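Protein sequences appear in the order of chains A and B.
For reference, each letter of the first sequence is one residue, going 1 to 309 in my numbering.
For reference, each letter of the second sequence is one residue, going 1 to 310 in my numbering.
Be aware that a few hints might be false.
[Said to hold, decoys possible] 30 Å max Cα-Cα, derived DSSO-like pairs, lysine-lysine: (1) Lys54/B with Lys268/B; (2) Lys123/B with Lys211/B; (3) Lys217/B with Lys123/B; (4) Lys59/B with Lys268/B; (5) Lys272/A with Lys158/B; (6) Lys123/B with Lys38/A; (7) Lys272/A with Lys171/B; (8) Lys158/B with Lys171/B; (9) Lys100/B with Lys54/B.
In short, the hints are calculated from the structure, not lab data.
Treat the numbers as computed from the prediction; the structure is a model and nothing was measured.
Listed below, chain by chain, are the residues.
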Amino acid sequence: MSAGGTYELTVGVETEVVPDGAPGRTLGDKLAPLVANKLALLGGLLTIAFLVLGLVGLLIVSRQEWQHLYLDQNVRRTLILPFEEGTFLGTDNLGRSMVWRLVAGTGISLGAGLAVTAISMSVGMALGSLAGYVGGLTDRLISALIDLTWGFPVILVAVIFVGMLEPGLTAVILAISVVNWAGYARIVRAQTLSLKGRAFVEAARALGVSRWKIVLRHLIPNMLGTTLVMASYYIAVTVIAEAGLSFIGLGAQPPTPSLGQMVSNGRSFLSKDPWIVILPGGTIALLVLALNTLGDGLRDIFDPRLRRW
Amino acid sequence: MLTFIVHRTLYAIGLLFVASVVIFYGLRVAPGEVTDVLTNPVNRIFMIENLREKLGLDKPLPLQYFIFMGNFLRGDPGYSLVNGEPINELLRSAAGYTLKLGALSALLTYGTAIPLGVIAAWKRNSFFDYGANLLAVLGMGIPNFLLAILLIQEFAVKRHWFPVAGYESWKHILLPAVVLSAEAIAINLRVVRSSVLEELNRDYVRTLYAKGLPEGKIIWVHVLRNALPPIIALAGVMLRTLLGYTLIVETIFRWPGLGYQLVNSVLKRDYTVAQTLAILLTVAVILFNLLADIGQQWADPRVRQGAKTG
């Protein structure tokens, strides 16, 4: 793209990217819009709280000596309501602590969300920037692949994957990643196309910087904002999908607690103790709400064009 | 336009081929072979060879794939491994149930979202608008399986207005249809509202008012018609999302449609049924995608013009 005319065209059509690496901007400056946007701040703080809970949850799920926290059953103390008989959030139908099950379940849900993000984001960014930067036949092939995978119903793919592997988190994580990478790739490709005509990239190329270094050092850092926005939405999608699949018995398998599976398990005891459904159900709804609010806020800051509707 | 359609169709066929191969091989390499389900440890050793031959499992995998796809394309996908029922009959009844549920959900979605969205935009910032907005937020925030069990608890278990699950009467379809359309209503409501709001600010609306046309006619005829394109564009996406959700909703309500049968066959490791349904639903999604792509191109008059002259 050496002709000046093309350069102007691409700038006019595509995004205006926030120059994140501009000198003289402190961390406080960068966070200022987030603080100004109250709703996004609330979403962000809630998300951080959930992340902390989730980390604790993942920790107790992964360490055998701590698993008793959410696995220990007690038939004498079943279906205790929250704040009664010395418990915090009560117990479930087997007398297991609701608090620890919720923490562990949050950990599983968020862990799955982060795993999906890690897989689909790295694949999506690699293929998207490759398509956008190299162009030609590579671009056409990758674009075709994006068009065809994007928009496949996650649940359908997940059920098929469960059939291929076995019911469990691995199948769910793989299935959602297989669909979601295309979402990242689409945006990254478009951004690469717009960025590669810009002056700082031209300058880098003129200085003889290699292709890969340009992509890694100049293009990808400029897309982090947009991808962060997408990541928060996609983690929310993953949490919902995982919960739904666990609910019908295809996701995380007992005794590993997952929020969806807790809802499903509590269904039979709903009239006796509605809390064992309300608590995990409410946690899912709140977690998804937090992630979406954060996503909306980040979107307004980084890239208003991504507005969904 | 024509080249576009041809290209897309070729892509779709290519993807279909890849998807069918992946589904077929994936389900075959899955843990637990079909014969394990059909035999027990005592008679396994005597029956296994016979059974493998009968089911065609002794042939090389690529050959098995072509035999299966050949039968599938001829409209004879074989028999269920678990109960020996012909898959065709299962498909016919399941497709009917899914179509019924889908049609009612679509009716419910647009029958609710369009009027509510239009009124919310028309009377913006009114009590009604806030109410509609709240409905939208709730509809998008509550996962559908949670909504399902709340509705079941309230209207089936407590009040006995509707059955908990099943498919015998018209009453059985109502709760699943509501659950299936809840999120679609919420999303469409917001799209309708913002699209109508945008139209309300246009010059032609002012002209119509100046002309003295009754307000109802301006809103429901002129503005609504011009506000439709984004809603139609969204319909393709909605259809695919709903197709995914039917798997969960049908399973919860034990509504014997395609989704329920797929989940069920996967859980029972009934591979012949599972692969048939999986490939069929994949075909449906790819077809939706193809039609949505072509429809979107068609809706753009510039593209259409180009096709006519070129």
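Right, here's what the structure says about each hint:
1. Lys54/B with Lys268/B: At roughly 21 Å apart (the allowed maximum being 30 Å), Lys268/B and Lys54/B satisfy the hint.
2. Lys123/B with Lys211/B: holds, 21 Å
3. Lys217/B with Lys123/B: Holds, at about 15 Å.
4. Lys59/B with Lys268/B: Holds. Lys59/B to Lys268/B sits at ~24 Å (cutoff 30 Å).
5. Lys272/A with Lys158/B: Given pair Lys272/A, Lys158/B holds - Cα atoms ~12 Å apart, limit 30 Å.
6. Lys123/B with Lys38/A: Distance ~27 Å between Lys123/B and Lys38/A Cα, so the pair holds.
7. Lys272/A with Lys171/B: Holds, because 26 Å separates the two Cα atoms, which is no more than 30 Å.
8. Lys158/B with Lys171/B: holds, 16 Å
9. Lys100/B with Lys54/B: With a Cα-Cα distance of about 37 Å, the restraint between Lys100/B and Lys54/B is violated, given a limit of 30 Å.
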